[in-house]
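Assemble chain B onto chain A, guided by the hints.
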Amino acid sequence: MSKFAKKKDGEIPAVSTASLPDIVFMLLFFFMTVTVMKDSSLKVVNILPNASEIKKLEKKDRVIYIYVGKPNKEYEKVFGTEPKIQLNDKFSSPSEVGDYILMERAKKSQELQNVLTTALKVDKNASMGIISDIKQELRKVNALKVNYTTYEGDAFRNL
Amino acid sequence: MARRAGAPEVSAGSMADIAFLLLIFFLVTTTIETDAGLDRMLPPWEPPTEDPPIIKQKNIFTVNINRNGQLLVEEELVEIKNLREKAMAFLDNGGAPSGSPEYCNYCQGAKDGSSSDNPNKAIISLKNDRETQYSTYITVQNELVGAYNDLRNREAMRLFKKNFVDMEAEYLNPETSDEVKEELKEKVRRIQGLFPQKLSEAETSAN
Numbered sequence: 001m002s003k004f005a006k007k008k009d010g011e012i013p014a015v016s017t018a019s020l021p022d023i024v025f026m027l028l029f030f031f032m033t034v035t036v037m038k039d040s041s042l043k044v045v046n047i048l049p050n051a052s053e054i055k056k057l058e059k060k061d062r063v064i065y066i067y068v069g070k071p072n073k074e075y076e077k078v079f080g081t082e083p084k085i086q087l088n089d090k091f092s093s094p095s096e097v098g099d100y101i102l103m104e105r106a107k108k109s110q111e112l113q114n115v116l117t118t119a120l121k122v123d124k125n126a127s128m129g130i131i132s133d134i135k136q137e138l139r140k141v142n143a144l145k146v147n148y149t150t151y152e153g154d155a156f157r158n159l
Numbered sequence: 001m002a003r004r005a006g007a008p009e010v011s012a013g014s015m016a017d018i019a020f021l022l023l024i025f026f027l028v029t030t031t032i033e034t035d036a037g038l039d040r041m042l043p044p045w046e047p048p049t050e051d052p053p054i055i056k057q058k059n060i061f062t063v064n065i066n067r068n069g070q071l072l073v074e075e076e077l078v079e080i081k082n083l084r085e086k087a088m089a090f091l092d093n094g095g096a097p098s099g100s101p102e103y104c105n106y107c108q109g110a111k112d113g114s115s116s117d118n119p120n121k122a123i124i125s126l127k128n129d130r131e132t133q134y135s136t137y138i139t140v141q142n143e144l145v146g147a148y149n150d151l152r153n154r155e156a157m158r159l160f161k162k163n164f165v166d167m168e169a170e171y172l173n174p175e176t177s178d179e180v181k182e183e184l185k186e187k188v189r190r191i192q193g194l195f196p197q198k199l200s201e202a203e204t205s206a207n
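Heads up: the sequence lines are chains A and B, in that order.
Okay, so the first sequence: first residue is 1 according to my numbering, each after it adds one.
Okay, so the second sequence: first residue is 1 according to my numbering, each after it adds one.
Here chain A stands alone, though its shape is the one from the complex (with noise of 0.2 angstroms):
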């Protein structure tokens, strides 16, 4: 009988939490390696088509972006609901990309400066009128290489 009763106040022993550090480690250096560092927060709703035929914008250094969407949700009563530009942290009128590009451009090296692509990141409900004055005001300042940012996908899901 003794020898039941001796196996009972051995108690449980505590899961043993020294390889916690390394799993944890292991999780961060994953997100480090697969995420980039967020430059500008979003004002605006920001959901992007479907294509199958993109090409990988390899150089984050040569990029300038340009937002265009419906404002959020808590700057709808200031802004309205029609799509609405954002450069950097503010909402901006069609007539002062070329001026931010221009700044942008010249923030670059100078080697840089003349391999430069513009991202548009437009919103799929966005009408075209917004794109191309947009697209008149880069081909005034001569910033002619443009990438529609798109997610991959087939194309024929935006209809």
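It cannot be assumed that every hint is accurate.
[What the hints assert, rightly or not] Computed footprint of chain A on chain B, listed as stretches where at least three residues anywhere in the stretch have a Cβ under 8 angstroms from a Cβ of chain A:
(1) 19-26
(2) 57-63
(3) 131-141
(4) 167-180
Hints are computed from structural coordinates only; laboratory data are not their basis.
From the three backbone atoms N, C-alpha and C, an ideal C-beta is built for every residue, glycine too.
Quick look at chain B alone, frame taken from chain A:
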């Protein structure tokens, strides 16, 4: 006194907390980016006084998108699904008679005299309305780029036994070594020369 044999151990208990802190910091400040898309070149800004070059009507493939997302291709209503096929037939036509300087010896199209003479001459003109939805426009762009890519793939397969899209992706990849790049550059240029992308975008119509 026996314990003095080794240095006292540093407690690693808080290591997990520190690592968690870092992890949460990275989770909050980063995004998984979707940086891929359709590359396009805009036409340079030119003074409107210049005379436009004269282009034969048969070498222009007009695509019109209206505000409801319907397509008018060469004055005919066309479903977007059929656009790629139509564009390919136009580009690959090679209508110039054999012997003429514009004759296209690699084209496999219908050789229709009333369609494009040579892929070098063929221009796709895309026009859209101000009210056209952006997603429709992207789908059309995607199909037109796809038409070019399909034809280039065919030629790359024939000449180099390789897919053009893969070749170009490898060429643009910064991890590719310089010798491989040099070799690919020539091939990519050659294929691009066979089917140059001539996609003109007119200014949008207001109504």
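These are the hints, each one checked on the structure:
1. 19-26: holds (count 5)
2. 57-63: violated (count 0)
3. 131-141: holds (count 10)
4. 167-180: Satisfied; 5 residues make the cut.
Of the numbered hints given earlier, the model fails hint 2 alone.
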